[in-house]
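Participant: Residue numbers (my numbering): 20 to 210.
Hints in this document: simulated from the structure, not taken from any laboratory.
Since this is a predicted model, take the numbers as computed values, not measurements.
In this text, a Cβ means the ideal position worked out from N, Cα and C, and glycines have one as well.
Treat the hints with care, as some may be off.
[Claimed, not checked] Only pairs whose alpha carbons sit at most 35 Å apart, straight line, appear in this in silico DSBU-like list of lysine-lysine:
no., residue 1, residue 2
1, K121, K178
2, K121, K79
3, K79, K132
4, K72, K132
5, K132, K83
6, K178, K132
7, K95, K72
8, K119, K83
9, K40, K180
10, K95, K79
11, K119, K40
12, K40, K95
13, K72, K83
14, K119, K180
15, K83, K151
16, K121, K151
17, K121, K95
18, K83, K95
19, K180, K151
20, K119, K72
21, K151, K178
22, K79, K151
23, K72, K180
24, K132, K119
25, K72, K121
26, K40, K121
27, K151, K119
28, K83, K121
29, K95, K132
30, K151, K72
31, K83, K40
32, K41, K180
33, K121, K132
34, K178, K40
[As the list claims (entries may be wrong)] Beta-carbon label-pair distances, calculated as ranges:
no., residue 1, residue 2, range
35, E123, C23, 19 to 27 Å
36, S144, D91, 16 to 24 Å
37, P94, D43, 18 to 26 Å
38, N84, N64, 23 to 31 Å
39, N84, A171, 16 to 24 Å
40, I82, C23, 27 to 35 Å
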Amino acid sequence: MQHCTTAIWLLFFDLYHRSFKKRDSTVIEQATELLTSIGIIHIENALWEQRIKLAAAIAKLRIKNSALSLNDLLPKHLRDERVSNGFDHNAVTCWINPNKIKNENEVISVLEKALCLRSIDFNASLSPNSYKWDQLCPNFLTFHHSLRSILARSYLVQKHKLIVQVYFKIAFEHFKIRFFLCVRYLCCPFL
């Protein structure tokens with residue numbers, strides 16, 4: 020039952036973040052294949068069939084509580100990112116999406132100008148105003164843990180130009196997929 024509940028919430032929030040619209044046509048086949056292989060396609064289909072009622076219920080809740088987002092519906096003690104993240108002090112790792120970015124200078128420009136971050140040597144310690152490039156995977160960046168929420172709201176992440184690594188890890192661990200294989204594929208897709 021716990022597996023089912025977690026999958027329902029995961030797929031519900033995916034549907035919510037898509038504004039209760041269909042998946043992008045480029046990923047429909049892959050998503051269907053993945054959801055079928057792990058046995059939760061029936062949950063996806065049930066949520067899709069009830070999407071109008073779900074959207075209406077969420078809208079009513081938000082209006083009733085004057086909430087701008089679902090986060091505003093949470094109790095105050097859960098809205099605090101430090102509590103909800105479990106005081107997670109792990110570095111934030113992102114990879115540059117090669118489908119959206121052809122030249123890494125665009126990423127560097129946004130990081131240095133808009134977010135006021137500076138690149139440091141790989142062996143140096145991260146600080147709240149720095150980032151560093153991974154030595155093995157050239158499209159991977161590592162940021163100080165305190166930048167997690169800033170990065171999540173940044174133009175680069177919102178436009179899917181930077182992909183935050185922890186999201187993949189959570190999804191893959193949930194579905195019992197070996198995370199290191201994905202990382203290896205992202206670093207060296209020809210392997």
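Participant: Of all the hints numbered above, which does this structure not satisfy? Sort the numbers upward.
Facilitator: Checked against the structure, the hints that fail are numbers 2, 3, 4, 5, 8, 15, 17, 22, 25, 28, 30, 35, 36, 37, while the rest are satisfied.
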